[in-house]
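Enquirer: Following the hints, position chain B against chain A.
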Amino acid sequence: MGTTVSTTSNEKIWDGGNKPLNASYGKMMMWFFIVSDALTFSGFIVSYGFARFKYANSWPIADEVFTHVPFMHGQELPMIYVAFMTFVLIMSSVTMVLAVDAGHKMNKAKVTFYMFLTIIGGIIFVGSQAWEWATFIKGDYGAVKTKGGNILQFLDSETSKRVSVSDFAFLYSSSRDQHEKYNGIWYREEATLPSFSVEEVIAGMEASPNIVIRTQNLDENGHKTVLSREESLNILKSTGVSVVNGANLIENEYGVPLFANFFFFITGFHGFHVFSGIVLNIIIFFNVIIGTYEKRKSYEMVEKVGLYWHFVDLVWVFVFTFFYLV
Amino acid sequence: MAEHAHKLEIFRGLIKFKSNTQKIIGVLILLSIVTLIEVVLGIYKPAALNESFLNLKLLNWVFIILTIVKAYYITWDFMHMRDETSVLRRVVVWTSVFLILYLTFILIQEGGYIFDEFYDTSNYIKTDF
Numbered sequence: 305m306g307t308t309v310s311t312t313s314n315e316k317i318w319d320g321g322n323k324p325l326n327a328s329y330g331k332m333m334m335w336f337f338i339v340s341d342a343l344t345f346s347g348f349i350v351s352y353g354f355a356r357f358k359y360a361n362s363w364p365i366a367d368e369v370f371t372h373v374p375f376m377h378g379q380e381l382p383m384i385y386v387a388f389m390t391f392v393l394i395m396s397s398v399t400m401v402l403a404v405d406a407g408h409k410m411n412k413a414k415v416t417f418y419m420f421l422t423i424i425g426g427i428i429f430v431g432s433q434a435w436e437w438a439t440f441i442k443g444d445y446g447a448v449k450t451k452g453g454n455i456l457q458f459l460d461s462e463t464s465k466r467v468s469v470s471d472f473a474f475l476y477s478s479s480r481d482q483h484e485k486y487n488g489i490w491y492r493e494e495a496t497l498p499s500f501s502v503e504e505v506i507a508g509m510e511a512s513p514n515i516v517i518r519t520q521n522l523d524e525n526g527h528k529t530v531l532s533r534e535e536s537l538n539i540l541k542s543t544g545v546s547v548v549n550g551a552n553l554i555e556n557e558y559g560v561p562l563f564a565n566f567f568f569f570i571t572g573f574h575g576f577h578v579f580s581g582i583v584l585n586i587i588i589f590f591n592v593i594i595g596t597y598e599k600r601k602s603y604e605m606v607e608k609v610g611l612y613w614h615f616v617d618l619v620w621v622f623v624f625t626f627f628y629l630v
Numbered sequence: 089m090a091e092h093a094h095k096l097e098i099f100r101g102l103i104k105f106k107s108n109t110q111k112i113i114g115v116l117i118l119l120s121i122v123t124l125i126e127v128v129l130g131i132y133k134p135a136a137l138n139e140s141f142l143n144l145k146l147l148n149w150v151f152i153i154l155t156i157v158k159a160y161y162i163t164w165d166f167m168h169m170r171d172e173t174s175v176l177r178r179v180v181v182w183t184s185v186f187l188i189l190y191l192t193f194i195l196i197q198e199g200g201y202i203f204d205e206f207y208d209t210s211n212y213i214k215t216d217f
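Line order of the protein sequences matches chains A and B.
Quick note: the first sequence uses our numbering, first residue 305, plus one each step.
Quick note: the second sequence uses our numbering, first residue 89, plus one each step.
Simulated from the structure, these hints should not be mistaken for lab results.
Do not rely on the hints blindly, as some may be mistaken.
[Unchecked claim] Some chain B residues judged to face chain A by a derived CB distance under 7 Å, without partners named:
(1) Leu119
(2) Val122
(3) Phe151
(4) Leu187
(5) Phe203
[Claimed, not checked] Simulated pairs of lysine to aspartate or glutamate, DMTMM-like, Cα-Cα distance not exceeding 25 Å:
(6) A:Lys541 - A:Glu504
(7) A:Lys601 - B:Glu172
(8) B:Lys95 - A:Glu604
(9) A:Lys412 - B:Asp171
(10) B:Lys133 - A:Glu380
C-beta: ideal position from N, C-alpha, C; glycine also.
Chain A extracted, bound-state conformation (with noise of 0.2 Å):
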């Protein structure tokens, strides 16, 4: 019994037999995806690390880019929302194998029940993910690039508070349209047009004396380097180029741009783990539904599904500690 590939025969087809390290062939095949897998997520993990030590006194500090908690507008409440995502993935891995658990002891009633709180979990994990994409890319604050591709954002030095560039840079009316393939040269595009010019920063800037400039650069405690009055006013008009809003994967407000570009490669091949795993929780979830597992007499492939599932749940923990906390 265990799984649809059985010989009838008693006789040794190799010499672990049917079942080598007493792991029946479809448990074994999973534990070598799952080794193969955790190399790729290594490889992603890893060159997120080589990103880091490359720009050691220079990357975003993550506990001030993932602030957010939805329905908390307006507060910064960082590490929140990510610890709550972790428990809810944890949660549903222990469901999952409270669904094993049930499944050894051929109770279909418990199997269906767990494996649909297994479901519902992963259901809130992508969603809270798409969430945090979301509010990823539309960004808060706002900053400027400078010339060699660094960016400068904007702090009140009274309260050393970020200020969001809405709030003090002048609008002229006189801004330049966008260039579109109907009023422009048809078979060229432009990039959307950022909300403002560096030249409305500049103006914004002058009339409130109590905007300062943060630079990206971090000094010896860690924190990230504050310029005077002057030296904001002078680094802002020598070397700024563009207003820069939210992230994509040329740019972000947050810092160095592979910054945003690693936030998406590795959270959204996590993500896709947690898609395909979902999708194949609903099908063995039917399938336990209809009674397959009841008439095979083993519910085993629920176990083979929960031994991914967990996967991905193993995986988060190293992205949560790589990502929001070292």
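Expert: For chain B alone, coordinates are given in the frame of chain A:
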């Protein structure tokens, strides 16, 4: 079923559970506590752990060790590695651990080297202009 017998002890036999379900709840509590410690350390970042050891802050070492602890219990108890034969366990764990450590060493070493080259004021590469 006899073939699904589970090993029910964690911490090398210090805690022994009566059933598999109890063990799962026990491991859940352990993982939640570890995550809670990580989150609290991540929010407050105690200054005592700011010292550097092997080019990495002590706080980051604490995070990495706690992560490996969590990974161990997820693999051993949720993925039932504890109940597999020792050969299967070694094949899976040693292969990945060896390859990942090797990859980590190479890339982190190289990243550190590029950092030194980048911010060496005596050469011509500039990142801030």
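Enquirer: Does the alpha-carbon distance linking Lys95 (chain B) and Glu604 (chain A) stay inside the 25 Å limit?
Expert: With a Cα-Cα distance of about 19 Å, the restraint between Lys95 (chain B) and Glu604 (chain A) holds, given a limit of 25 Å.
Enquirer: The hint names Leu119 (chain B) as touching chain A; please verify it with the least Cβ-Cβ distance against 7 Å.
Expert: Holds, about 5 Å.
Enquirer: For the hint on Phe151 (chain B), just tell me whether its beta-carbon gets within less than 7 Å of chain A.
Expert: holds (5 Å)
Enquirer: Hint check: Lys601 (chain A) vs Glu172 (chain B), CA-CA at most 25 Å. Holds or violated?
Expert: At roughly 21 Å apart (the allowed maximum being 25 Å), Glu172 (chain B) and Lys601 (chain A) satisfy the hint.
Enquirer: Taking the least C-beta to C-beta distance, is Leu187 (chain B) closer than 7 Å to chain A?
Expert: holds (6 Å)
Enquirer: Are Lys541 (chain A) and Glu504 (chain A) close enough, with their CA atoms no more than 25 Å apart?
Expert: Judged against 25 Å, a Cα distance of about 11 Å means the pair holds.
Enquirer: Can you verify the interface hint for Phe203 (chain B): is its Cβ closer than 7 Å to any Cβ in chain A?
Expert: Where the cut-off is 7 Å and the nearest Cβ of chain A is about 5 Å from Phe203 (chain B), the hint holds.
Enquirer: Is the straight-line distance between the alpha-carbon of Lys412 (chain A) and that of Asp171 (chain B) 25 Å or less?
Expert: Roughly 23 Å separates the two Cα atoms, so the pair holds.
Enquirer: Can the restraint linking Lys133 (chain B) and Glu380 (chain A) be considered satisfied, given a maximum Cα separation of 25 Å?
Expert: Holds, at about 16 Å.
Enquirer: Would the stated hint for Val122 (chain B) survive a check requiring a Cβ distance to chain A of less than 7 Å?
Expert: violated (9 Å)
Checked against the numbered hints listed earlier, the structure breaks hint 2 alone; every other hint is satisfied.
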